[in-house]
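Each chain, letter by letter, is given below.
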Amino acid sequence: MKKIEAIIREERLNAVKAALEEKSYFGMTVSEVSGRGKQKGIALQWRVGEYRVDLLPKLKIELVVLDDDVSAVIDAIVINARTGETGDGKIFVMPVETVVRVRTGDRNESAV
Amino acid sequence: MVNSGDTAWLLMSSALVMLMTPGLALFYGGMVRRKNVLSTIMMSFACLGLVGLLWVLYGYSLSFGTDHGGFIGGLNFLGLANVGQEPSSVYATTVPHLAFMVFQAMFAIITVALFTGAVVERVKFSALLVFSALWLTLVYIPTAHWVWGSGGWLARLGALDFAGGTVVHLNAGVSALALVMLLGRRRGFPNDAMEPNNIPMVVLGAGLLWFGWFGFNAGSALTSGGLASSAFVATNTAAAAAAFTWMIVSWIHKRPTVLGTVTGAVVGLVAITPAAGYVTPIAGIPIGIVAALISYYGMVLLKIKRGVDDSLDVFACHGLGGIWGALATGIFATVTVNGAGSDGLLYGNGMQVLKQLVGIAAVGGYAFILTTVLGKLVDVTVGLRVGQEEETVGLDISQHGERAYGGLLR
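Chains as they are written, first to last, in our numbering: chain A, 391 to 502; chain B, 1377 to 1786.
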C-alpha cells in the first residue's frame, strides 16, 4: 500500500478528480495548503507600494492505493495537473504500514 | 427656543457620528494580521466606553464650560450640571443643551480611537487605556476649547475649523506620529509581509465612516437648513474626488487597489472636515484631489522611504489630510456660504491662511509635545509595549484571551 500526496494548482482539481474517478479511484482527502517552489511568489499592493507574498495557495490531494495502482494514479494526476508552467506542483509517494476502515474495522488491502 | 427640526437633525447626527467609531474599528481591524483583529477593533470600541464616561463626567465641562483665559473651560458643567433640556445660551441655541453635549461626546470618542491605528499589533492594552484617558484630558479637551469653546483663543483669533480638521484630525494624526516614535516598529517591519486579513471588512468600515461623516460635517452646522445641506454636498464631493484620485494614482503605479480607493475616500473626508461649512460644495473637488495626492506621497515618503511604522498610516491620512484641510479652508472659504465664517485667499483675504497656519502650528505642536511627555510617562510606569512573546502570539490572545476566527468545527 502506498500513500500518494500530490500538490497541484487549485484550478486543476476538477480535471484530476474526474480522471481518477474514471479509473474508479473515488477516495481522497483534499486540503488547502500554502507553499513555494520555483514559482517563488507574487507582488501584492498596500495603500502605497508593494509587498511580496512568497507562499502561494495550492491544493494537496492525498490518497492511499494498492502498490499495483501507483503508476496509473500518478499518470492520471500528472496528465491532468500539468500546464507546463512553473508552479504545477509535486507528487510524493510513500509506504503505508496499516490502513483501517473505521466503519467496519477492516484492515489493510480490504480497507483501501 | 428649541427648534424641532434642528434638534432632530442634531440627534440624528450624533447617532451617525457614534456609528463612525465601530466603523473605524472595522476599517482598522481589516488591515492588520489575523492574530490582531480583535485587539485592533477593541482599541476603537473601548473608546465608546472610556471616553463616553469621561466626557459626561468632566470632559464636556472643561471643553465647553466658562472660559478661563482662552485656554480651558470651567467646572460649571461638571457631571452635566446645568446641561439640560433647554438650549445653551452660547452653543447651538436652537437645540437642547444635552443634544449639543452628546454630539460633542461622539467627536471626542472617535478622535481618541483614530490615533490607535498607528500603534496596533504591539501596544499594551492597559497602557493604551491609561494614555487615552490622559490624552483626552490634557490634549483633546484644551484644544477643543481653544478652537470651539466660547472664548477659546483660536476661536477669538478667527481660525476656522468647521467640524474638526485641527481638533480631531490634526490632533490625532500628530499624536499618532509622536506615539510611534516612542513605541518603535512592529517586530518584523518592514521585511516581513504583513498582509491585511480582511479587506472587505475595511470597505465596510470605510462605508460606515463615509455615511457617519454626513453627521460629522453637516451636523456641525448645528441647524438643519441650507448650511447643513451645503456642508453635506461639499463632504460627499470631496470624498468622491479623493477616492477617484487615489484610484487613478494607484493605477498609474500598478493597479487600482480597493484598499487604496477606500483610503482615498477617507482622506478626502478628513480634508473637507474643517472646510465643509465655509466653502462652496464644488470646492470639495480641488480639496479632495489635493488631499489624496498629499496623503499618497506622504505615505511613500514616511513609510516606504523612511521606514516609520505608523502602522495604519494615521499621520499620512489624518495629520497630512488635516493640515491640508485647515489650509484649504483658509484658501477656499467664502462668507457667501457661511456669514459666520470669513473669506479666504481666493476671495481676497490672504490673512485667513495665516490664521489657519497659527491654528495648525498651535494644535499640532501642542499635541506632539504633550503626547511625547504623556507617552513617556505611561511607558516608564505601565510600559507601552507588550512583551516579545505576546507580540508574536498576537494581541487577540495575549491581551484579550480571544481569537477572531476560532474553532475547527463549522
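A portion of the hints provided could be inaccurate.
[To be verified] Below are the DSSO-like pairs computed for lysine-lysine, each with C-alpha atoms no more than 30 Å apart in a straight line: (1) LYS1630/B - LYS1681/B; (2) LYS430/A - LYS1681/B; (3) LYS1411/B - LYS1630/B; (4) LYS1630/B - LYS1731/B; (5) LYS450/A - LYS1752/B; (6) LYS413/A - LYS450/A; (7) LYS430/A - LYS450/A; (8) LYS430/A - LYS413/A; (9) LYS407/A - LYS450/A; (10) LYS430/A - LYS407/A; (11) LYS1411/B - LYS430/A; (12) LYS1630/B - LYS430/A; (13) LYS1630/B - LYS428/A.
In short, the hints are calculated from the structure, not lab data.
Hint check:
1. Restraint check: the Cα-Cα separation between LYS1630/B and LYS1681/B comes to about 18 Å, which is no more than 30 Å; the hinted pair holds.
2. Annotation: proposed proximity of LYS430/A to LYS1681/B holds, straight-line Cα distance about 25 Å (limit 30 Å).
3. For the given pair, LYS1411/B sits about 29 Å from LYS1630/B by alpha-carbon distance, which is consistent with the 30 Å threshold.
4. Distance check on the hinted pair: LYS1630/B and LYS1731/B sit about 40 Å apart at the alpha-carbon level, beyond 30 Å; violated.
5. At most 30 Å may separate the alpha-carbon atoms for a hinted pair to count; LYS450/A and LYS1752/B exceed this at roughly 51 Å.
6. At most 30 Å may separate the alpha-carbon atoms for a hinted pair to count; LYS413/A and LYS450/A meet this at roughly 20 Å.
7. A distance of roughly 18 Å separates the Cα atoms of LYS430/A and LYS450/A; the hinted pair therefore holds under the 30 Å criterion.
8. Between LYS430/A and LYS413/A the CA atoms are separated by roughly 34 Å; this puts the pair beyond 30 Å, and the hint is violated.
9. Between LYS407/A and LYS450/A the alpha-carbon distance is near 12 Å, which keeps this suggested pair within the 30 Å criterion.
10. Restraint check: the Cα-Cα separation between LYS430/A and LYS407/A comes to about 26 Å, which is no more than 30 Å; the hinted pair holds.
11. For a cut-off of 30 Å, the pair hint linking LYS1411/B to LYS430/A stands: about 25 Å separates their Cα positions.
12. Between LYS1630/B and LYS430/A the CA atoms are separated by roughly 20 Å; this keeps the pair inside 30 Å, and the hint holds.
13. With a C-alpha separation of about 24 Å, the suggested pair LYS1630/B and LYS428/A falls inside the 30 Å cut-off, and the hint holds.
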